[in-house]
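Trainee: Sequence:
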Amino acid sequence: MAVNQKRVKPQEGWRQDRWETLQEPGFSCRVLISPYNLRITVDEFFLAKEENAVEMVRALEEKAAASGLDKIWLKSPAKWKHAFTTAGMSLEATIPGYYLGRETALVFSKYLSAKRKTPSLNKRVKPPVLSSVSGRVKNKRELPQGIQLKWGRKEDSRILADLYHNTFPTYPFPVSDPAYLEYSMRQHVIYITAWFGDELVAAASAEINSRMKNAEMTDFATIPGWRGHGLAGCLLGKLEDRLRQEGLRCFYTISRSSSTGMNRVFAGAGYNFYGVLINNCNIGGGFEDMYLWAKPAFNQEK
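All the letters of the sequence shown, read from the start, carry residue numbers 303 to 604 under this note's numbering.
Note that these hints are calculated values from the structure, not bench results. It cannot be assumed that every hint is accurate.
Calculated pairs, DSS-like style, for lysine-lysine (alpha carbon to alpha carbon, straight line, at most 27 Å) [said to hold, decoys possible]:
1. Lys383 x Lys351
2. Lys452 x Lys442
3. Lys383 x Lys515
4. Lys377 x Lys419
5. Lys442 x Lys515
6. Lys417 x Lys377
7. Lys442 x Lys540
8. Lys515 x Lys456
9. Lys365 x Lys417
10. Lys381 x Lys351
11. Lys456 x Lys540
12. Lys351 x Lys377
13. Lys377 x Lys515
14. Lys383 x Lys417
15. Lys452 x Lys540
16. Lys419 x Lys381
17. Lys515 x Lys381
18. Lys452 x Lys515
19. Lys351 x Lys365
20. Lys365 x Lys419
21. Lys419 x Lys383
22. Lys377 x Lys365
23. Lys383 x Lys365
Ranges between beta-carbon positions, derived for each pair [said to hold, decoys possible]:
24. Gly390 x Glu509: 22 to 32 Å
25. Asn511 x Ala481: 21 to 31 Å
26. Glu444 x Ala481: 32 to 42 Å
27. Ala380 x Thr420: 25 to 35 Å
28. Asp345 x Asn574: 16 to 26 Å
29. Gly527 x Ala350: 52 to 62 Å
30. Ala481 x Pro379: 26 to 36 Å
31. Glu444 x Ala380: 18 to 28 Å
32. Glu444 x Gly587: 28 to 38 Å
33. Leu334 x Gly390: 19 to 29 Å
34. Gly563 x Glu444: 13 to 23 Å
In this text the structure is predicted, and so the values were computed from the model without any measurement. Cβ atoms here follow ideal geometry from the backbone N, Cα and C, with glycine treated the same way.
Please construct the entire structure, taking both the sequences and the accompanying hints into account.
Mentor: Structure, rendered in structure tokens:
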């Protein structure tokens, strides 16, 4: 199936993203149509029975083709594995404990073009350097002298947006827009920031799914002069501590395959590698494979 491969300009692309609901007698799904990322994200879905997955995927393909998009992806409980594989979707990754800390989420994708399906790094397996440290917890690095960690506030949105703008030529979501950051803070995203005096030097966030008791660790950025000082690990630890107190049970991240440093941060924090999402999003100036890492919020015996 041919699709329009036009890339949308960063400053205008995300404004075209929109939420829609697709519904027929046997299924319904709430989806994010993203011309910016050239994909459809299925946020929620309902299937009356297993065979309705074929109808749902067909409707998603038609919507994607009509919108010039070439990837569809979703997370699903394991009970629908046969349904979605029968419907032509590929299992790319898993997130153990995604559902209330007990059940694994399966991450399925469907591609509408050969180009989108071809890995950006021409690899379908994780690099050996990550395999050797995956899930192996390292000692936490001390916070560098002079650095203060603070929770993000709406008053910080403009300087936080500047940090993201200067870090990422493109990003899957409009984090370089102060209005978007303020909106996300009112919803389900918390930000942690690192300051050296009055200078914002690093930041990260957690997107919280309170209903399913999980959080995606994301939006890590550090200014060039402070990279290599362990700030990302310090921010990650601070986020995890707060989210444990709030009762979350599963932490995961979708990290850039090209960022060895960030992948090492998660591997060293006890996260395990669970798959590759091929050309998943528009980040860093182009489309890139993303690595999925996850870990339980608490030790398994607890």
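Trainee: So, for every hint listed, does it hold in this structure?
Mentor: Consistency of the hints with the structure:
1. Lys383 x Lys351: Since the Cα atoms of Lys383 and Lys351 sit roughly 13 Å apart, the hinted pair holds (cutoff 27 Å).
2. Lys452 x Lys442: 18 Å, holds
3. Lys383 x Lys515: 22 Å, holds
4. Lys377 x Lys419: 18 Å, holds
5. Lys442 x Lys515: 25 Å, holds
6. Lys417 x Lys377: 23 Å, holds
7. Lys442 x Lys540: Holds. Lys442 to Lys540 sits at ~11 Å (cutoff 27 Å).
8. Lys515 x Lys456: Distance of about 25 Å is within 27 Å: holds.
9. Lys365 x Lys417: 19 Å, holds
10. Lys381 x Lys351: Answer holds: Lys381 to Lys351 is near 11 Å, not above 27 Å.
11. Lys456 x Lys540: Distance ~19 Å between Lys456 and Lys540 Cα, so the pair holds.
12. Lys351 x Lys377: 17 Å, holds
13. Lys377 x Lys515: 15 Å, holds
14. Lys383 x Lys417: Given pair Lys383, Lys417 holds - Cα atoms ~25 Å apart, limit 27 Å.
15. Lys452 x Lys540: Distance ~10 Å between Lys452 and Lys540 Cα, so the pair holds.
16. Lys419 x Lys381: Roughly 25 Å separates the two Cα atoms, so the pair holds.
17. Lys515 x Lys381: 19 Å, holds
18. Lys452 x Lys515: OK: Lys452 and Lys515 at ~24 Å, within 27 Å.
19. Lys351 x Lys365: At roughly 22 Å apart (the allowed maximum being 27 Å), Lys365 and Lys351 satisfy the hint.
20. Lys365 x Lys419: 18 Å, holds
21. Lys419 x Lys383: 20 Å, holds
22. Lys377 x Lys365: Between Lys377 and Lys365 the Cα gap is close to 19 Å, so the pair holds against 27 Å.
23. Lys383 x Lys365: 22 Å, holds
24. Gly390 x Glu509: 22 to 32 Å: 29 Å, holds
25. Asn511 x Ala481: 21 to 31 Å: 23 Å, holds
26. Glu444 x Ala481: 32 to 42 Å: 36 Å, holds
27. Ala380 x Thr420: 25 to 35 Å: Once the Cβ atoms are compared, 28 Å apart, the range 25 to 35 Å for Thr420 and Ala380 holds.
28. Asp345 x Asn574: 16 to 26 Å: With a Cβ separation near 25 Å, Asp345 and Asn574 satisfy 16 to 26 Å, so the hint holds.
29. Gly527 x Ala350: 52 to 62 Å: 56 Å, holds
30. Ala481 x Pro379: 26 to 36 Å: 35 Å, holds
31. Glu444 x Ala380: 18 to 28 Å: Violated, at about 41 Å.
32. Glu444 x Gly587: 28 to 38 Å: With Cβ atoms ~34 Å apart, the hint holds.
33. Leu334 x Gly390: 19 to 29 Å: Between Leu334 and Gly390, where Cβ atoms are some 21 Å apart, the hint holds.
34. Gly563 x Glu444: 13 to 23 Å: Distance hint for Gly563, Glu444 holds at roughly 18 Å.
In summary, the one numbered hint that this structure violates is 31.
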